[in-house]
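Residues in the sequence shown are numbered from 65 upward in steps of one, following this note's numbering.
Read the hints as simulated data drawn from the structure, not as lab findings.
Only a predicted model underlies this, so the values are computations on that prediction, with no experimental measurement involved.
A couple of the hints might just be wrong.
Under the rule of at most 30 Å between Cα atoms (straight-line distance), these lysine-lysine pairs were calculated in the DSS-like manner [unchecked claim]:
no., residue 1, residue 2
1, K113, K88
2, K90, K113
3, K79, K113
4, K79, K90
5, K113, K86
Simulated restraints on C-beta separations [to be verified]:
no., residue 1, residue 2, range
6, I77, K113, 16 to 22 Å
7, K88, T126, 14 to 20 Å
8, E112, S85, 24 to 30 Å
9, P117, I77, 15 to 21 Å
10, G78, L130, 15 to 21 Å
11, K88, S127, 14 to 20 Å
Even for Gly, the Cβ is constructed at its ideal location relative to N, Cα and C.
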Amino acid sequence: MNTYTSQSDVPLIGKYAYFNSKSKYKVYFIVNTEYNENVGCHYWLDYEKDPEPYVTCHGIITSIPLRKNVVKIENKR
């Protein structure tokens with residue numbers, strides 16, 4: 065996983081959800097946050113970090129629709 069990821073293998077409610085559109089990791093979780101529902105989450109943190117290119121902070125995770133809800137994107141090349 066990403067170097068930012070906590071020790072948990074699944075997102076945790078109350079953590080900040082992050083999605084990296086340029087990530088080499090093609091697996092992510094679907095989570096609900098304080099701002100949006102059903103958004104992708106590559107990694108999660110205890111804090112809101114400074115903005116960086118291609119990374120979206122979706123806000124604080126409020127729920128995880130399916131605990132085993134993992135999406136894998138296949139390369140289309």
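Going through the hints against the structure:
For the hint pairing K113 with K88, the CA-to-CA distance comes to about 20 Å; that is within 30 Å, so the pair holds. Distance hint between K90 and K113 is fulfilled; the C-alpha atoms sit about 22 Å from each other, no more than 30 Å. The suggested pairing of K79 with K113 holds, with an alpha-carbon distance near 12 Å, which does not exceed 30 Å. Of the supplied pair hints, the one linking K79 and K90 holds, its CA atoms being roughly 21 Å apart against a limit of 30 Å.
Under the criterion of a C-alpha separation no larger than 30 Å, the hint pairing K113 with K86 is consistent with the structure, at around 17 Å. Checking the proposed 16 to 22 Å range against I77 and K113 shows it holds: the Cβ atoms sit about 19 Å from each other. A hinted range of 14 to 20 Å is violated for the C-beta pair K88 and T126, which are about 28 Å apart. In this structure the supplied range 24 to 30 Å is violated for E112 paired with S85, their Cβ-Cβ distance being about 18 Å.
The hint said 15 to 21 Å for the Cβ distance between P117 and I77, and at roughly 28 Å that hint is violated. Checked against the hint of 15 to 21 Å, the C-beta distance between G78 and L130 comes to roughly 18 Å, which is consistent with it. Separated by about 28 Å at the C-beta atoms, K88 and S127 break the suggested range of 14 to 20 Å.
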